[in-house]
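Engineer: The chain contents come next:
Protein chains: 2
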Amino acid sequence: MAQSSVYQIESTLDWQKMGEGIHRKMYGYNDHLMLVRIKFEEGAVGELHKHFHTQISYVESGKFEMQIGGEKRVLKQGDGYYVPPETLHCCKCLESGTLIDVFNPRRLDFEI
Amino acid sequence: MAQSSVYQIESTLDWQKMGEGIHRKMYGYNDHLMLVRIKFEEGAVGELHKHFHTQISYVESGKFEMQIGGEKRVLKQGDGYYVPPETLHCCKCLESGTLIDVFNPRRLDFEI
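First to last, the sequence lines map onto chains W and G. Heads up: the first sequence begins at 1356 in this note's numbering, then just goes up one per residue. Heads up: the second sequence begins at 1356 in this note's numbering, then just goes up one per residue.
Check before you lean on any hint, since a few could be wrong.
Since the list can't tell identical chains apart, any single copy or any two copies may satisfy a pair.
[As the list claims (entries may be wrong)] No more than 25 Å apart at the CA atoms, straight line, and that leaves these computed lysine-lysine pairs for PhoX-like:
#, residue 1, residue 2
1, 1447, 1431
2, 1394, 1431
3, 1394, 1380
4, 1380, 1431
None of these hints come from the bench; they were simulated from the model.
Using the sequences and the accompanying hints, generate a full structural model.
Structural biologist: Set out below in structure tokens:
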């Protein structure tokens, strides 16, 4: 089974560009589970999309306008959300910050 | 399939006592995935244990001495770790803070 190292040390992890104003750092993973930290600049948009993976996220900092399955909500530090498989979702960053995104199974389209 | 609400709003979530100096808030879940935020007071200890679930964690704040499969490391905000299934692990909180713990599958022994 593919798996990450046991420890991920922040200072050794690169920010990878995902899109305009959006960067990610890759954390632990195996075939079933993956954790990714995503940094948004104010105004950056994660376009409407869906995937077969379950996604659960935690707002580490900043403020985000989320839309999940047609339900909109503004989230801030300490809030979280659950995206069922195959559910359309998007976000707009209202104040710069970071999200912790986790996926089951691992996102094979995210380069390690 | 069991699943949480789409949004988890921090101000509506209770801290549940897990042990001496350790409390948790439950976030999103379905049968395959669960996210839990765990707050440690300085000196609190998560005793050595193992489970069949894969666990991946992110250090939101504080400082922790981790031991995973015999490998020790001190982690701080922004670091992370991966616990393979059935691997013994424990932690000692060196400076009060919070961990984001995610599990595959869901921990049925954690009350929602």
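Engineer: Indicate, hint by hint, whether the structure satisfies it.
Structural biologist: Cross-check of the supplied hints:
1. Proximity of residue 1447 to residue 1431 under the C-alpha cut-off of 25 Å is restricted to the intra-copy arrangement: shortest distance 12 Å within a copy versus 29 Å between copies.
2. Taking identical chains as interchangeable, the C-alpha atoms of residue 1394 and residue 1431 lie at most 25 Å apart whether they share a chain (14 Å) or sit on different chains (18 Å).
3. Taking the shortest alpha-carbon separations for residue 1394 and residue 1380, both the intra-copy value of 8 Å and the inter-copy value of 23 Å come in at or below 25 Å.
4. For a Cα distance limit of 25 Å, the shortest separation of residue 1380 from residue 1431 qualifies both inside one copy, at 20 Å, and across copies, at 16 Å.
In terms of the numbered hints stated before, the structure departs from none.
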